[in-house]
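Keeping their order, the protein sequence lines are chains A and B.
Take 1 as the starting number for the first sequence in the working numbering and just add one per residue.
Take 1 as the starting number for the second sequence in the working numbering and just add one per residue.
Do not rely on the hints blindly, as some may be mistaken.
Stated by the list, open to error - No more than 27 Å apart at the CA atoms, straight line, and that leaves these computed lysine-lysine pairs for DSS-like:
| no. | chain 1 | residue 1 | chain 2 | residue 2 |
| --- | --- | --- | --- | --- |
| 1 | A | Lys555 | A | Lys293 |
| 2 | A | Lys157 | A | Lys372 |
| 3 | B | Lys99 | A | Lys703 |
| 4 | A | Lys651 | B | Lys99 |
| 5 | A | Lys793 | B | Lys50 |
| 6 | B | Lys107 | A | Lys620 |
| 7 | B | Lys50 | A | Lys703 |
| 8 | A | Lys616 | A | Lys739 |
| 9 | A | Lys651 | B | Lys107 |
To be verified - Pairwise CB distance ranges (calculated):
| no. | chain 1 | residue 1 | chain 2 | residue 2 | range |
| --- | --- | --- | --- | --- | --- |
| 10 | B | Ile98 | A | Ile629 | 47 to 57 Å |
| 11 | B | Ile98 | A | Arg25 | 16 to 26 Å |
| 12 | B | Ala53 | A | Phe649 | 33 to 43 Å |
| 13 | A | Ala735 | B | Ile98 | 22 to 32 Å |
| 14 | A | Ile608 | B | Lys99 | 37 to 47 Å |
To be verified - If the Cβ cut is set under 10 Å, some of the chain A residues that face chain B in the computed set are:
| no. | residue |
| --- | --- |
| 15 | Phe585 |
| 16 | Ala676 |
| 17 | Leu701 |
Derived from the structure by calculation, the hints contain no laboratory data.
Virtual Cβ for every residue (Gly too), placed ideally from N, Cα, C.
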Amino acid sequence: MFQVFCIFIPILAALFMPFFFKKVRSIHTGWFVLIVPVFLVTFYATYVPIIVDGDSVISELDWIPSLGISFVSYLDGLSLLFSILISGIGALVVLYSIFYLNRTKEQLHNFYIYLLMFMSAMLGVVQSDNTITLYLFWELTSISSFLLIGYWYNRDKSRFGALKSMMITVAGGMLMLGGFVLLSIMGDTFSIRELISQAPELATNDLFLVALVLILLGAFTKSAQFPFYIWLPDAMEAPTPVSAYLHSATMVKAGIYLVARFTPIFAQSEVWIWLVAGIGLLTLFWGSFFAVKQTDLKGILAFSTVSQLGLIMSLLGVGAISYHVNGAEDTVFKYAAFAAIFHLINHATFKGSLFMIAGIVDHETGTRDIRKLGGLMGLMPISFTIALIGSFSMAGLPPFNGFLSKEMFFKAILSITQFDLFNFSTWSILFPIIAWIASVFTFIYSFYFVFRTFTGKLKVDQLPKKPHEAPMGMLISPLILAALVITIFFIPNLVADTFVKPAVMAIQPYLYSSPEEVNIHITAWHGIHSPELWMTVGVIILGLLMFLCLSKWQKMYNAFPAKLTLNHLYDFIIYDLCDQWIGRFSALYMTGSIRRYLSFMLSSMAIIVIGTLFIKDGFKISFEEASTIHVYQIILIIVLVIGTITTVFAKSRITSIVALGAVGYTVSLFFVVFNAPDLALTQLVIETISVALFLLAFYHLPKLKKEEERTRFRFSRAFVSVAVGAMVTLVALSAHSQKFIPSIAEYYKETVYSLAGGGNIVNVILVDYRGFDTLFEITVLGIAGMAIYGMIKLRLSRKEKNYENK
Amino acid sequence: MEIVMAFVCGFLFMAAIYLILSKSLLRIIIGTGLLSHGAHLLILTMGSFKGSAPPVLSDGVTDYVDPLPQALILTAIVISFGVTAFFLVLAYRAYQEIKTDDMTLMKGSEDNE
Numbered sequence: 001m002f003q004v005f006c007i008f009i010p011i012l013a014a015l016f017m018p019f020f021f022k023k024v025r026s027i028h029t030g031w032f033v034l035i036v037p038v039f040l041v042t043f044y045a046t047y048v049p050i051i052v053d054g055d056s057v058i059s060e061l062d063w064i065p066s067l068g069i070s071f072v073s074y075l076d077g078l079s080l081l082f083s084i085l086i087s088g089i090g091a092l093v094v095l096y097s098i099f100y101l102n103r104t105k106e107q108l109h110n111f112y113i114y115l116l117m118f119m120s121a122m123l124g125v126v127q128s129d130n131t132i133t134l135y136l137f138w139e140l141t142s143i144s145s146f147l148l149i150g151y152w153y154n155r156d157k158s159r160f161g162a163l164k165s166m167m168i169t170v171a172g173g174m175l176m177l178g179g180f181v182l183l184s185i186m187g188d189t190f191s192i193r194e195l196i197s198q199a200p201e202l203a204t205n206d207l208f209l210v211a212l213v214l215i216l217l218g219a220f221t222k223s224a225q226f227p228f229y230i231w232l233p234d235a236m237e238a239p240t241p242v243s244a245y246l247h248s249a250t251m252v253k254a255g256i257y258l259v260a261r262f263t264p265i266f267a268q269s270e271v272w273i274w275l276v277a278g279i280g281l282l283t284l285f286w287g288s289f290f291a292v293k294q295t296d297l298k299g300i301l302a303f304s305t306v307s308q309l310g311l312i313m314s315l316l317g318v319g320a321i322s323y324h325v326n327g328a329e330d331t332v333f334k335y336a337a338f339a340a341i342f343h344l345i346n347h348a349t350f351k352g353s354l355f356m357i358a359g360i361v362d363h364e365t366g367t368r369d370i371r372k373l374g375g376l377m378g379l380m381p382i383s384f385t386i387a388l389i390g391s392f393s394m395a396g397l398p399p400f401n402g403f404l405s406k407e408m409f410f411k412a413i414l415s416i417t418q419f420d421l422f423n424f425s426t427w428s429i430l431f432p433i434i435a436w437i438a439s440v441f442t443f444i445y446s447f448y449f450v451f452r453t454f455t456g457k458l459k460v461d462q463l464p465k466k467p468h469e470a471p472m473g474m475l476i477s478p479l480i481l482a483a484l485v486i487t488i489f490f491i492p493n494l495v496a497d498t499f500v501k502p503a504v505m506a507i508q509p510y511l512y513s514s515p516e517e518v519n520i521h522i523t524a525w526h527g528i529h530s531p532e533l534w535m536t537v538g539v540i541i542l543g544l545l546m547f548l549c550l551s552k553w554q555k556m557y558n559a560f561p562a563k564l565t566l567n568h569l570y571d572f573i574i575y576d577l578c579d580q581w582i583g584r585f586s587a588l589y590m591t592g593s594i595r596r597y598l599s600f601m602l603s604s605m606a607i608i609v610i611g612t613l614f615i616k617d618g619f620k621i622s623f624e625e626a627s628t629i630h631v632y633q634i635i636l637i638i639v640l641v642i643g644t645i646t647t648v649f650a651k652s653r654i655t656s657i658v659a660l661g662a663v664g665y666t667v668s669l670f671f672v673v674f675n676a677p678d679l680a681l682t683q684l685v686i687e688t689i690s691v692a693l694f695l696l697a698f699y700h701l702p703k704l705k706k707e708e709e710r711t712r713f714r715f716s717r718a719f720v721s722v723a724v725g726a727m728v729t730l731v732a733l734s735a736h737s738q739k740f741i742p743s744i745a746e747y748y749k750e751t752v753y754s755l756a757g758g759g760n761i762v763n764v765i766l767v768d769y770r771g772f773d774t775l776f777e778i779t780v781l782g783i784a785g786m787a788i789y790g791m792i793k794l795r796l797s798r799k800e801k802n803y804e805n806k
Numbered sequence: 001m002e003i004v005m006a007f008v009c010g011f012l013f014m015a016a017i018y019l020i021l022s023k024s025l026l027r028i029i030i031g032t033g034l035l036s037h038g039a040h041l042l043i044l045t046m047g048s049f050k051g052s053a054p055p056v057l058s059d060g061v062t063d064y065v066d067p068l069p070q071a072l073i074l075t076a077i078v079i080s081f082g083v084t085a086f087f088l089v090l091a092y093r094a095y096q097e098i099k100t101d102d103m104t105l106m107k108g109s110e111d112n113e
């Protein structure tokens, strides 16, 4: 129970932050926040011994038990690893933000509320075993990320970036929800563990592929994979602690987590393997290629994040092949999943520290533009050292942890060439080549990042501030991360035994029954004959050469047409398509003309009714039921028709009113003819009052003008009225000719005297059998009377209203 | 007779719709008047004209017409009268305030868009 509760601790703590911010002004609010992630990381650390043994812990809190939806905290190797990353890096980021954000100038309570909300959401995503609550927390990460990116909401770019990330990640989240719903329909459960246990049956379902693609779309949008990566560079408008936390270490890895978590279900499908590995590799290449083009420090890091996420994603894809192979050769694919998790840890450490350094540079010099920076090495030695460690690790150089995971990456990608399932034999040669080229670019941008900032000529006159070393407090967090970068290189197997192996077991449960069976040993030295060593050597040599002559070939980026970018496509969809084109489209039919709306409504009504009548073969005419026609009825009909025609074509007000009156009186004569004395009476009286009212009101209205309208509208008007008239006639004829149920009138006729004690059946129906109708018809009259009185008496003129508003 | 009345009702509806689709508020209200006449006659027609005596009990008569549609129409007449009266005053007030009865000109002023 407490385990589930821990997910909500940050969000509950967030409730108190405004209080601390307002009441305890002398202490930075961040210190109070820091307690939360520090507590959480210690709490989750206590689970490590359980997880190392391959066990898992589950804790449940009912939410909507009747629908099978509950908050479940399920901690196995994978979710514990993520939980520790989230709370651990969260603690470092909060510590860093205490020195980064000014206590007096910033709205700190907002910042920490959003951050704590995000922390809860992220813990919920990785621990949820229930797909519905997983989706709930997933969207909460999108929302809190939106709020954090738009933290400086008075800046245009922040708002743009926030909206963009929201649009893309929420669209993906929605699709993912669709996938979850399909999965729950197939497996009849929301529990991921139960779904995994019925994975073989799920694969035979028709909906399987649809669910697969939808869930992948959710993962790709969140993890900034191609072509959805475009929100991540724009999200760099957020404060740097946010970029370090959300956009390098945690939120963007939610998609990675999702892919890893659902691998046991979907790995059986070759579509999954192709998509995850292929898109991952494409993203890896694309991100690393365009990172070199960036001039903003955080821009470089954003594209590098995109690229590294692609790397992890492609490794997960390759790892999924292990489902299809048995025996000796499967070890290499086990290796891929292992490498993915290992690199995920490494990336969180070095990318977090690099973002923090970018923030420090921004903080101390006032700019992040790499063209203005340079020669900061002497002024900021500690930052330089940290940046060097981070960059070298990112480039994959020894003795840093990036080297180990890059080597493992090469090894896993090379192994794919030996595999001939799903046509991999023909295309697979592309995988190591693309991966190798991407690594060269990774090397280049890593060097570009660190050396353009810290070496070269110092351009003090171009910098807004006089640069100097950051305060020690700000350096603590990146120092810890940089220390981890080196430590992991020297004790990789300890990290692997503690975190990676249980996580791999969670990703590939079909291969192992305990983490000890993941018998992979990380070594920094693979022997002189291993191909991955020579690949690394090649990366270093070519990378160095290309970095040294960067200014010669960097211009080629300008050759890319600006109109053909994905950002341009996004702007086109959001601003042109949604804003303008759809606006223009609705302006086409929302003209504000009542006549037009009425024409649309009436003609569609006529078309639907007449259409249904004939499609369902409902039209029938029968003369059997009809009564005989008398001469006086014919005369009445003729009078009625003449009166109607006069009403329609009358040129003066008086004529039309009188003609309408004539029609009304003829109708009351009809009532006489058809044996309805009460109706005739009422109709006569009402018609008289109506005509008087008409005359009274029309006396104040302008004279009738000749209708001047375009012939086209005149035609459509005639058409609509004929159609409606035809509809009424056809329906009346069919209804009259097919009566299936006899009237209930007999009952009234028989009991009108015995039960109600009356002779006039119509009146007894009105006040006795169906008295409610009469009550409310009286109400209608009353309301109409009051409304008329109000309209005439209450005259709040326009001038008075304007006066009041002022 | 019912067959003929079906055509008469259709004709009334047609004329009413034609008027309702016109520009002047005045013609539209007249159109609604015609529409309610058409509807009332339609209800009566659908109740069938069988029976030769009005639905008032009298000795020796068994052949009454159906009383239920008549009760319905009576209610409908009163309601449509109330609504028409309201419409008329509304049109009158609208003309007083905005000095037009042309529907194409009644599109809201600029400050409420």
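Indices of hints not satisfied (ascending): The structure breaks hints 5, 6, 7, 11, 13 and 15; every other hint is satisfied.
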